[in-house]
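Colleague: Each chain, letter by letter, is given below.
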Amino acid sequence: MSPAPEPGDACPVERGQRRAGTAQLGPGLEPLPARIASGDKAAFAELYDHTSARVHGLVMRVVRDAGYAEEVTQEVYLQVWRSAANYDAARGSVLSWLMTLAHRRAVDRVRSEQAAIDRNSRYGRSNVVAAFDTVAEEVDRRADQRAVLDCLGALTAVQREAVALAYYNGRSYPEVASALGVALPTVKSRIRDGLIRLRRCLGVS
Amino acid sequence: MNDELLGQADAYALGTLTDAQRRGVATELAAADDETRAAFADEVRVIRETLAAVSGVGAIAPPVQLREQLLARVNTEPVDELEERRRTRRLRRVLLAAAAVVVVAVGALFAVRAVTNEEAPAQLTAEQVLDEPDVQSTSSSLASGGSMVVSYSKTADALVLVMDDVPAPPADANYQMWLASETGPAVSAGTMTPQDVSPTTTVVVDDVGSANQLMFTVEPPGGSPAPTGAPFVTISFV
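Protein chains in written order, with my numbering: chain H, 1 to 205; chain W, 206 to 443.
Don't read these hints as lab results, they were simulated from the structure. One or more of the hints may lead you astray.
[To be verified] So, partial list: chain H residues that the calculated Cβ filter (under 10 angstroms) puts toward chain W: (1) Lys41; (2) Asp49; (3) Tyr68; (4) Cys151; (5) Leu152; (6) Arg171; (7) Leu198.
[Said to hold, decoys possible] Ranges of calculated distance between the beta carbons of each label pair, as one might list FRET restraints: (8) Thr330(W) to Leu78(H): 14 to 24 angstroms; (9) Pro372(W) to Leu180(H): 48 to 58 angstroms; (10) Ala348(W) to Thr186(H): 47 to 57 angstroms; (11) Leu180(H) to Glu240(W): 29 to 39 angstroms; (12) Glu113(H) to Ser429(W): 27 to 37 angstroms.
All C-beta atoms in this analysis are idealised placements derived from N, C-alpha and C, irrespective of residue type, glycine included.
Just need the whole structure built from these sequences, with the hints factored in.
Modeller: Written out as structure tokens, the structure is:
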């Protein structure tokens with residue numbers, strides 16, 4: 001299932017450990033949306049219990065405010081409750097669907113608050129890089145997350161930085177280029193290469 | 206295979222495109238071949254799975270009370286929803302008057318939604334939008350005659366527009382719909398030829414995003430990249 005290593009593919013993770021990032025959640029979430037769509041509150045609670053830290057963590061990194069993060073997280077799960085029938089397994093896993101919803105709502109929230117905030121000064125480069133590099137500060141580093149951490153470490157610092165600015169800050173590629181003081185094609189290739197390296201390392205197919 | 210379009214898949218999947226750019230990509234995808242569409246959707250899927258796998262590292266437990274608040278909301282909602290449905294059923298019957306409803310697929314924007322947008326179902330229908338508990342309706346009469354009702358749901362991220370007795374555009378022109386907000390330029394939501402406008406016309410516009418106004422202008426056939434004149438109707442639906 002894991003792709004063969006390419007020349008220059010400096011992925012330190014052993015084959016057996018790949019896909020460990022989501023192994024603990026595995027197929028457990030897949031039946032939940034259909035049950036939630038039929039009004040099953042226990043299924044909703046189960047989804048929340050398994051995913052709320054991931055959702056809230058992502059939202060926190062994007063909105064950078066505990067109050068907003070709590071509100072947006074609540075909105076995400078209310079949207080799940082109301083639109084679970086829209087989940088389509090052919091388009092991706094339940095976790096991917098959920099994190100995409102969460103990211104979209106978080107970025108929308110930041111953009112709507114944008115008028116009152118100078119993004120460049122508050123969401124400084126050092127904060128954002130720390131988001132992707134924060135791994136050193138994580139207290140709870142279980143074995144299953146070890147593989148993800150190692151794969152993040154397989155990216156170069158500039159790849160991590162570019163991906164983090166685009167994803168956690170919701171910045172456009174031209175904005176990332178401007179923030180980093182590099183050319184747009186450089187940003188595009190750093191992000192593309194970083195994502196390719198990450199998915200190969202994690203064994204996503 | 207449209208490689209240039211495919212090259213936009215990572216920006217799309219990272220969520221860095223603006224509403225206008227996302228619509229632009231959706232329009233291009235609608236015109237692209239099946240191979241490109243499938244490759245694009247697959248690319249987006251894989252990137253999002255990758256990002257989902259990374260999310261575990263950044264996990265931060267939310268405040269404990271959030272769980273209770275959510276479960277309380279979810280416990281009361283079905284009941285509220287039932288009452289709400291009874292109240293809005295009459296409104297819905299008026300809006301979807303069985304006789305002459307024509308659902309107009311304005312432009313190719315709607316067809317492609319199913320391929321790339323995980324949040325929305327394929328071919329979101331007027332019924333589905335109006336079914337949402339948070340739907341709000343705003344109506345407006347036109348100086349040129351006729352009226353419009355916009356029913357918007359933030360949860361569905363979509364609106365239903367019903368045009369009643371609105372005159373068709375002149376033979377050599379189109380109507381163009383625009384979504385607008387304070388934070389950005391007007392984004393095209395599609396065009397209507399004179400044949401597209403009937404005495405009762407229903408249109409679903411999804412991927413509304415942060416827009417809070419729907420505007421109509423008269424444009425040359427095929428539409429324009431930006432409004433070329435003042436709108437003849439503007440409806441604030443939020």
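Colleague: Minimum Cβ distance from Asp49(H) to chain W below 10 angstroms?
Modeller: holds, 8 angstroms
Colleague: Minimum Cβ distance from Leu152(H) to chain W below 10 angstroms?
Modeller: holds, 7 angstroms
Colleague: If you check the beta carbons of Thr330(W) and Leu78(H), does the distance land in 14 to 24 angstroms?
Modeller: holds, 22 angstroms
Colleague: Falls inside 47 to 57 angstroms, the C-beta gap from Ala348(W) to Thr186(H)?
Modeller: holds, 53 angstroms
Colleague: Against chain W, run the beta carbon of Cys151(H) and see if the smallest gap drops under 10 angstroms.
Modeller: Holds - the Cβ of Cys151(H) comes within 10 angstroms of chain W, reaching about 8 angstroms at its closest.
Colleague: Go ahead and decide if the range 29 to 39 angstroms is satisfied by the Cβ distance of Leu180(H) to Glu240(W).
Modeller: Because 34 angstroms falls inside the window, the suggested range holds.
Colleague: Is it true that Pro372(W) and Leu180(H) lie within 48 to 58 angstroms of each other by Cβ?
Modeller: At roughly 53 angstroms between Cβ atoms, Leu180(H) and Pro372(W) fall inside 48 to 58 angstroms, so the hint holds.
Colleague: Is the shortest C-beta separation between Arg171(H) and chain W less than 10 angstroms?
Modeller: holds, 7 angstroms
Colleague: Given a cut of 10 angstroms on the nearest C-beta pair, is the interface hint for Leu198(H) held or broken against chain W?
Modeller: holds, 5 angstroms
Colleague: Identify whether the interface hint at Lys41(H) stands, where standing means a beta carbon of chain W within less than 10 angstroms of its own.
Modeller: Interface hint status for Lys41(H): holds (6 angstroms vs cutoff 10 angstroms).
Colleague: For Glu113(H) and Ser429(W), compare the CB-CB distance with the range 27 to 37 angstroms and indicate the outcome.
Modeller: holds, 31 angstroms
Colleague: Verify the interface restraint on Tyr68(H): the C-beta must sit less than 10 angstroms from at least one C-beta of chain W.
Modeller: Violated, because the Cβ-Cβ distance from Tyr68(H) to chain W comes to roughly 12 angstroms (cut-off 10 angstroms).
Going down the numbered hints, you'll see the structure goes against just number 3.
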